[in-house]
Amino acid sequence: MPYILKKTADSISGDSMKYSIKEIKNSLQAQFDGSADLSVREFALKSRCGVRVAVFGMEGMVDKEQLSQSVLNPLLVFDFGNDDAAAVSERIFQSVMASSDVIALTSPDAIISYITSGFAVLMVDGADALYAIGVQGYSFRGVSEPESEVVQRGSREGFTEPLRVNMSLIRRRMKNPDLKFEQMTVGSESRTQLMLCYLQSRVSRQLLQELKQRLRDCTLETVLAAGYLSDYLEDEGSGRLFSGVGISERPDTVCGKLTEGRIAVIVDGTPAVLVVPHIFVEEFQGVDDYSNRPYYAAFIRLTKYFSCFISVFLPGLYVALAQFHPEYFPSWLLINTSESLAKTPFPVTLEVLAITIVYEIMKEAGLRIPKSLGHAVSIVGALVIGESAVNAGIISSSTLMMVATAAICGYVTSPLYPPIMMLRLLFIVVGGFTGLWGIVLATAVVLISMCAKTSLGVPYLSSLSPFSLRRMRDVFIRAGWRKLSRHTIRVQKFPETEVPDAN
Amino acid sequence: MRTEVRFSSKRFLLALMLCACSVILLLDDDLDRQTSFTFNLICLAVGLGICFLLFLPSILLKIRTDSDVPTLVRCCTPRLHLPVAIFYAMYFVYTAVFFLLPYTDMFHIKYFPDVTPCLITTLMLLGCAYAASKGVNVISRFGIFLFLFALLTNFLMFGGSIAELDFRHYHFTPEGSAGGFLQNTLYFVTPAFIAAVYACCSGTTRNFRFRQPLLALVFTGAKYAAVLFFIWFALGDYAMRQEYRTFVLSRVAHFGVFAGIESFYLALATMSVFMIVSLFLCCMTRCAGSGGSWKSILLFTAIILALYVTATYLPAVKEVLMQPALMLFFTFVAAAVVPFVYLFVGRKSNAKKA
Amino acid sequence: MRRKLSILFTVLLAVLCTGCDHARQIETAAIIENVTVDRRGEELVYTFYRLTSDEKPWGTEVPAASFEEACRLANERYIPHLSLAMLELLMLSEDVYTEVMRGDVDYISTQPSFSPIAYVTLCDEGAMKQFRQANRVQRLMEEQIILLKKNNPAVNINYLSVCNSLAHGNEKFLVPFLSSEKELKVNDFEIDPAKLK
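Those protein sequences? They're chains A, B and C, same order as listed. Using my numbering, the first residue of the first sequence is number 1, and each one after it goes up by one. Using my numbering, the first residue of the second sequence is number 504, and each one after it goes up by one. Using my numbering, the first residue of the third sequence is number 858, and each one after it goes up by one.
No wet-lab data here; the hints were simulated from the structure. Please read these numbers as outputs of a predicted model, since none were measured by experiment. Even glycine gets a Cβ: it sits at the ideal position worked out from N, Cα and C. A few of these clues could be false.
Pairs of lysine-lysine residues, derived as DSSO-like cross-links and limited to a Cα-Cα distance of at most 30 Å, are as follows [said to hold, decoys possible]:
{"id": "1", "chain 1": "C", "residue 1": "Lys861", "chain 2": "B", "residue 2": "Lys798"}
{"id": "2", "chain 1": "A", "residue 1": "Lys483", "chain 2": "B", "residue 2": "Lys513"}
{"id": "3", "chain 1": "C", "residue 1": "Lys913", "chain 2": "A", "residue 2": "Lys343"}
One side of the interface only, derived from the structure: several residues of chain B facing chain A at Cβ under 10 Å [unchecked claim]:
{"id": "4", "residue": "Gly638"}
{"id": "5", "residue": "Ile647"}
{"id": "6", "residue": "Leu808"}
Just need the whole structure built from these sequences, with the hints factored in.
So this is what it looks like as structure tokens:
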């Protein structure tokens, strides 16, 4: 609910608006409905005119010690003499307050936004200015290494929940005035703050405008995590299996992408930063690739691609071969596989599906189980499901081996795990009912879907299709830095990008 | 998301080259078996030469108007829109069935003998309908992956058959008759259907160069020649006793104990037919002026399926449809006659207005 | 949304109807690795040896006049889910090859399911006996055949080359011959097509 200011006689006559402590206090208390965490400190200054001030804040979000030292103490001891409210307000801002972060507010409607962000708002009764003072003191998680993006050689810093901290992590790495942060608010109820971060000379203006429009079109009431916005940032009619919005918890990764003309969306309250546009080959690029030797980086990249392929296709191919084309197994493998499958009561398709689903259940349980019980789960998983089920003849060892291999390979490219999982299930079902032919057809359909997908107008399979020989130096291999640094990558310059470069 | 951005002509011609190569994958049974390798090479050269001549009107149309037949029909001769659309729809339906029949026949014999081929075709057509809804650009992007897979498959197939090459029994002397020359040359003109596809879709491409279609046909010829060489020298008389000789070639290919390369071949055949039929559906919807409309795509898919089912259960219909001469006649009209007419009707300014 | 659901339903229905009933399960498929042909009394006997991990070969004997008839009878009466796609070796006894070689190779060359590079060899009675006793003998035989081909490229060791040799009129050609003298030995053996039925 916006603040409804009762106009004073002076404001009606055309002079600047003068704020009343009583009115603003009543308005805030009405809006917060007497919430226990709204704090109002009213006091009189040493002034012959009896000028009063009030400081508004939220309990637990303001650093009280800092507020006292930098604001309250200086105000209480200073003698304002015969200054009226306006002069007192001006003097406070210019020479009394000891705080370094003071923002003059343009409207009382911004009070709620600032006090809920940890600021304290100072106002002088009868003056026409409001000041937000940066004395945030809320608790937050310290900067630590992100668990989902562990590296060997790179920085150990990861994003945290507060927006300002994340901004500082990026600014420290890009000491360039070209780096710009633009603030927006999303969520009609939560009014979550976010920052668009980009390099002014590299970003495409049209792409930026498009992104802003999509964020404005977000009709969510609450935005509690960056992932909420992903759907709104995806291209209309684009396939949803793969995500056209990248997510990273590493400032160095985000900075690298900013130099390519991408835009980062930092959402307050979540350590995951969205980066758009996002293409498929980025899922296989890691920070360590650029720190390691090129030959090793190439080896790791190829391993990732191979692992992804194995994770998606191995169970489906196994089922297809076992059901329809056993002659494609080598003799020694055929004997072992057929003997192990002959001991189990279920068709191989059902077996593979069941083990895959049981594995997913165990994985989810492992994520949420308290650490003290983690050992028990491991024992249950390994001994009961693994060994005992095979010994009892419920599942075959070869099937278990295939599913386990595919599962392990899926974690090599963990951001791709959701689509890999879905495709794996799809190919198991298709392979079980239609054999290799069905898998080939399904692969063709999935490839078509990926070829059609775009991310803010940039083809999702850029570098692969549309093919770019120059960009191949950073797809399956990682060329040396001397070569890589010769040409700058700009996403808006990828072939067939539907966003022209406005620069 | 349908991408309306103009895409590289080189990539489009690559996709068409892959479509043309699939002819030898599936339809090599139409070659006269009493002809030698060298004789077939001569027929191949003549046949592809005729293909190029059929390609010329579309090429010239592209150079002069930077557009394609459906666009020119809509902007220059709107009254002819319906008859031209009907003709091309019929042509592409017929050509789709022309490819689907031997493809499903091969699978029906080999892999799913107890399953009705109509079901295989239905699933394939549903997949093709989905691809067609995405547009020509997306299908040509898919062509890059198909090209890489085709390279791998060809390497495995040819490399694995080297051990079976037999130069004692088989030779390079040209052997054949006049009837064989005519039959085989007609066969090698079959890839001219890509000219009809080009005539319908060239308006979506940019950076066209004259050498692109030429190279596409040259590489197609090279592929055909390689397949014929291996069939003649690696398979010999064994191949003449089988229906799908390229399939047998893939069966013969092996690297020590590693065999099973026919699975790659069958995958390549599946993806090639998938791409061909998807392109045909795109062409039909472009000619009909309905773009990527799901309704029109499904309608054409249903028509293809209906004709296919008819041909499967009525052998007389199948025999008529599989006549190479009939195919060639319609290809001549679709690829050469109609674009030739629009060469004089269309001009670059008209095309830019479109 | 409705359109997507109806398409998904159609596809699922079609997929479920395709071939699940006719899948050849790996555990039930009878994969035949070798076939031998010899004479028992007056009749020809085709023995189909299944792929097995046992030391002793698992053979099923089918009396038949030709390979085509033997495959048909085997599938109908003796071995359901018969699969000949992995057939690696066809062994013909020296006293029957004139009768069956041309017809059998002719039949195999028209079937897409057979691998054209499966080995064809002649053998004597002793070698046939050894073959029936131990599975490892087959491995040994295949190694010997490959070695023979290396030393003498003119020998025709698979269906493909034998079929092509037979197609070239009455020109004599060489095939492997397994003899049981001095354990197991492979030599080349000249075949005169004029003598084949």
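#### Entry: Satisfaction of the Ile647/B interface hint, Cβ to chain A closer than 10 Å
holds (4 Å)
### Query
Holds or violated: Gly638/B as interface residue toward chain A, Cβ cutoff 10 Å?
holds (8 Å)
### Message
Just to be careful, I want the Cα atoms of Lys913/C and Lys343/A compared with a cutoff of 30 Å; is the pair within it?
### Response
Since the Cα atoms of Lys913/C and Lys343/A sit roughly 21 Å apart, the hinted pair holds (cutoff 30 Å).
### Query
Do the numbers back the hint for Leu808/B, that is, is its least Cβ distance to chain A under 10 Å?
violated (16 Å)
### Task
Given the hint that Lys483/A pairs with Lys513/B, test it: the Cα-Cα distance must not exceed 30 Å.
Cα-Cα ~27 Å, so holds.
### Hint consistency between Lys861/C and Lys798/B [alpha-carbon to alpha-carbon, up to 30 Å]
holds (13 Å)
Violated hint: 6 only; the structure is consistent with all others.
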